[in-house]
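Undergrad: Chain by chain, the residues:
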Amino acid sequence: MSGDILSKFAGALASGAVRVVDLTHTLSPDFPVIVMPPELGQSAPFRMERISRYDGGGPAWYWNNLSFGEHTGTHFDAPIHWYTGRDLPLNSVDTLPPADMIAPACVIDCSRQASEDADFLLTVSDVMKWEEQYGRIPARSWALLRTDWSKKSGTAYANLTADGAHTPGPDAEVMRWLVAERDIIGFGTETIGTDAGQAGHFSPPYPAHHYLHGAGRYGLQCLTNLDQLPPTGAMIVAAPLKIQNGSGSPLRVLALVQERSTG
Amino acid sequence: MTGPFLKPKRKNPLARTTQPLLPPQARSRKAHGLTLAAATGRFVLQCCGECGRYTYPAREACPNCLSSDLTFRDAPTGGSLLSETQIEVTSDPYFREHMPWRTGLVQLDCGPIVIVHLHGGCGGPGSQLKLSLQLDRAGQAVFFAKPVLEVPHMEDDPQWREMTADPRHRRVLITDGRSPLALPMAQALKKAGAARIFVGVADRWKPLDQQALLAAIEGVEFVDLDLTSERSVQELAMDIGAKVEILVNTADHVRPAHLFDAGAANAAREAMDHTVMGLMRLAQAFGPVMRSRGADGAAGAVAWVNVLSVHGLSNVPQFGVHSAAHAACLSLSQWLRTELRPGGIRVINAFTGPLDTEWFQTVPPPKVAPKAVADAVLDGLKRGLEDIYVGDVAKDIEARLFDNPKAVEREAGQ
Ligand SMILES: [Zn+2]
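Quick note, the sequences are listed as chains A and B, same order.
For the first sequence, the numbering used here gives the first residue as -13, with consecutive numbering after it.
For the second sequence, the numbering used here gives the first residue as 120, with consecutive numbering after it.
One chain only, chain B, in its complex shape (with noise of 0.2 Å):
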């Protein structure tokens, strides 16, 4: 049974933080088709071109009827409990320290049998179970069963907890209070429970026109933040680094300009300086205290969101200058995910189109909501996503990015 995670104690000074350990990882090249399927949220299994039967683990041939037609495809995520295991022993450094951990084999709907993680409320053998692909705090994929039924407390479960970056009782640091994403992320991490909003504001001097809104919000703490400013970065750090749970990175600078422009490259630099220089700012100033917080209570430092254009994947002409900052951001921000991995943080991705903000106003809809981002942000990490895709035109690109770039490319030049 799982009860409810209640506000962790403040932690005692004198005695040594507990130092983040990693569950074991191995995995073959062919298995990351499990760890793709887990890092957006899906549910997959090889399955046979020729006799349509999934089949796990991880395989270059079919074992029913030797095709090396094997692709990963969506899976029911239905299954039974065959049996379960309770870890009460381990010479394994990780599960030592989360220990009783249960586990459990579950025969799939679908066919093949696997072994699951099993979260609190499950019943017994025989019981029907919900499976997720998950990346535990190593980033590998995971299965995980839940009951099929909601049951009392089912996101506090600590198991789970550990498959996902949960804010409730986890302060957040927003480090763009300007944005128009700020308030929407605002008010859904308070609904969310997270503990305490820390919002960066640039130039103080200037008005912030969400002022009033995000004062509003229980727990929401403004910060001088200036991510151009090395020291304005290092000297939040200083003071909050050790208190920051959640990092959500909103930053973002767009301004149109043509390649050819002759004030193309000040545009270009501007947005790098904000943006690429600015999150590298970030990492460095709270990338190690955070690596260094991963098991550091029930509700230690746990996740880094980077909201990103999608347009960062393959350029588009109209917004040329934003798409190439944000192909750099990318890029940072898979280099930020590994050094960040020892310390059991999860980068997440969120890759969103067009916002119906001012500086989109001329683009065509569909235009995503910043209140969509907040929502779809909270829903990674709830669940424990690394890469997330909102709204339509974000979706459409991933998909026809997996298809063909070079299509991806030549449309957006057209």
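Next up, chain A with everything else stripped away, as it sits in the complex (with noise of 0.2 Å):
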């Protein structure tokens, strides 16, 4: 039967019955990474140096050298990332199950809030009210944050000032009740990460990533196009490259939307 299955979601992707979105930015040496204070180790921004270019370093071909931070442009985030997830069995971006690469996705549009808010923070309330309206959030379902960030950019995007950045993010309980009560399969955000700018402020600091990654859940970031997701029904790819022992990577996410006229 699932020969049939697949075959039945072929004819859909041919016929346009299922669309493809992509969720990924360009990665590009001009977007933001995100800042740790610079006697920190610092995430290197993606780089292209050129190896030839159909020139005398490759007379027919062109190519490139790539450097980037494992936590560079649209990226995911593996439980070994955070201490907290340290300890657990597969848990960086080589020894994730596949089957968790595909997985249904829950979008809360709260892109309203965090235009009037730049520090807008997502609460359990907010979850339960948008669980009124679309029912409870399926276990491993990807919770998806719309704040339509991804339509800023350069400055505005990163929006640092003296006392850090300030971005749209989860608050510390709403990621202990998504993780614990409603059992997702990670948290996805349009921001620099999963964590609300000021993050680090929280108890405990940087909730989601504390969650999450404790609990062995996935984090991406740096998503766009949410705003064509309807808010429950998507299917989400998310497989990052196969990193040996990798905190995370970038990766090309793809929501899979079936089209409402046609069914």
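Be a bit skeptical, because a hint or two may be false.
[Stated by the list, open to error] The list that follows gives simulated cross-link-like pairs (lysine-lysine, DSS-like), each with its CA atoms no further than 27 Å apart:
1) A:LYS137 <-> B:LYS325
2) B:LYS126 <-> B:LYS325
3) B:LYS362 <-> B:LYS128
4) A:LYS115 <-> A:LYS137
5) B:LYS126 <-> B:LYS486
6) A:LYS138 <-> B:LYS362
Since the hints were made in silico from the structure, they are not lab data.
Fit chain to chain and form the complex, with the hints in mind.
TA: The structure is reproduced here in structure tokens:
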């Protein structure tokens, strides 16, 4: 019967009944990366240096050398990224179970609140209100926080001031609750991190990282096009690079969306 | 007489850009004692340890007493003009393009008679002159004579401008606008009459502390420049490469790390990427176009300044990564100097001790104020120097390295 499901799926892709939405930003040198205090280690930004372009270095071919940190551009966080997930089995990107790379998504639209307050924090009551409308978040789903932050760029996107970054994210309680009470597979955002810009001051600090990775769950950040997803029903394909003992990686994140008009 | 150096006209796009030519270059190894002095702005001549007489040209034995005890020593700079020649016709390609050119024969107060290039403000035979050793466009040491008393527009003399890298009416690129050096450097350049000051800024999405102060300086223009990105450096060179007559590389990256720290390799790689590879990327993008514009009018491309740590000359363990990175920068800078010489472009290294900035917060005084570095660089440009030592620490290390490099190495490790 599985062949039947996949052939139907292939037909739906071909007919456009299932649309593929790219949730990925282009990896480019200008895309902001997370900024740590300068005396700490820094994530290398994306860099590309040419090997050859149909020239003396290689007369018929074009190719480049790349360098970047694991947490650059649209990227995936594995449990080993945080100390809370350091002793879990299968906690790095190379050991990530392939079945976890495809999962449904619930998209919680907080774009209005984020446009009014850069420090907007998602709370349990926000999610419960969402559930009243769209139903309970199914176990092993991605919870994706839509803020439309991906429509900003450069300075406005990073939104750095002397007291740090000001970008929206989840509060500590909602992260504990989503993991413990809703059993989400992971949490995704449009901002530079899964946590809010000021999350270093929360208790615990960086609660999204703390609770997600401590429970073996995943993070996705720097997502885009979340406004093209329905609140429920989209399938997320998120397969990070298979880096030995890697804590994360840039990746192509795709969403499969069933068109409402067909059916 | 010297008139003021007026802002050059825009160049005729239909006219071929004048190609750089160099004055004749042939010096004995001994004569490089004068090159060393000219590079650092000193006036020296060989002096006999036996009879105390100064001698010129450089030789192996004293012409007075035949002693071989000849060393280069600081000499008095005064002299009087014996005769002068104004070159109106010559077969030398360099001087053909700079005629008329005044030279003279000078009787130095300390004895020897030397041939000098004469400043336009100097009087005729019998007049008193003040001499200096200068590096000409070929990087060779020559004697230059100026009047003893200041004359109007003294720095604008065309022959003197060939010996220097005066920023007046020139366009300058400061590579790192986030450096504490950027603001005082831009202010000093503006004061010296620079026509335009491009200030490179990486990661424009991060706040820039001195943005308002820099923007307040007339002629300052912010440009995107990230020395760690080949594309960024290349793209800026495509935009403004042919408009940069002086490049001031203020890039630095100071991060303390112990050699045996787990993260030291990352710190070293980042430092090398910002400084050594940054300089390499700059050289590749801006070097060729600057070299080709060395004779592009009276305010053509003229100088490339690297601000380097004096610890690049001898490693200081407290800033081991920084020292190693700047040692590599110095080596690269020497290479660049040779590559730019055919264009008559002067590569100036300004060696400084620890700056009075956040990264050297824990270092005890004396520290170097960023403004002192800017003033020293401007002085170096206007006097045509090649090696500048800024502040007490740098000057002390220079002197001790000259005396005994091994002692400097040992003492830094204690
Ligand atoms: Zn003698």
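Undergrad: Hint by hint, say whether it matches the structure.
TA: Hint check:
Restraint check for LYS137 of chain A and LYS325 of chain B: satisfied, since their Cα atoms lie roughly 18 Å apart, inside the 27 Å limit. As the CA atoms of LYS126 of chain B and LYS325 of chain B are separated by approximately 36 Å, the hinted pair breaks the 27 Å bound. Distance restraint check for LYS362 of chain B and LYS128 of chain B: the Cα-Cα separation of roughly 14 Å lies within the 27 Å cut-off, and the hinted pair is therefore satisfied. As the CA atoms of LYS115 of chain A and LYS137 of chain A are separated by approximately 25 Å, the hinted pair is consistent with the 27 Å bound.
Simply put, LYS126 of chain B and LYS486 of chain B have alpha-carbon atoms about 38 Å apart, too far for the 27 Å limit, and the pair is violated. At most 27 Å may separate the alpha-carbon atoms for a hinted pair to count; LYS138 of chain A and LYS362 of chain B exceed this at roughly 33 Å.
Figure legend: structure checked against the earlier numbered hints; hints not met, in rising order: 2, 5 and 6.
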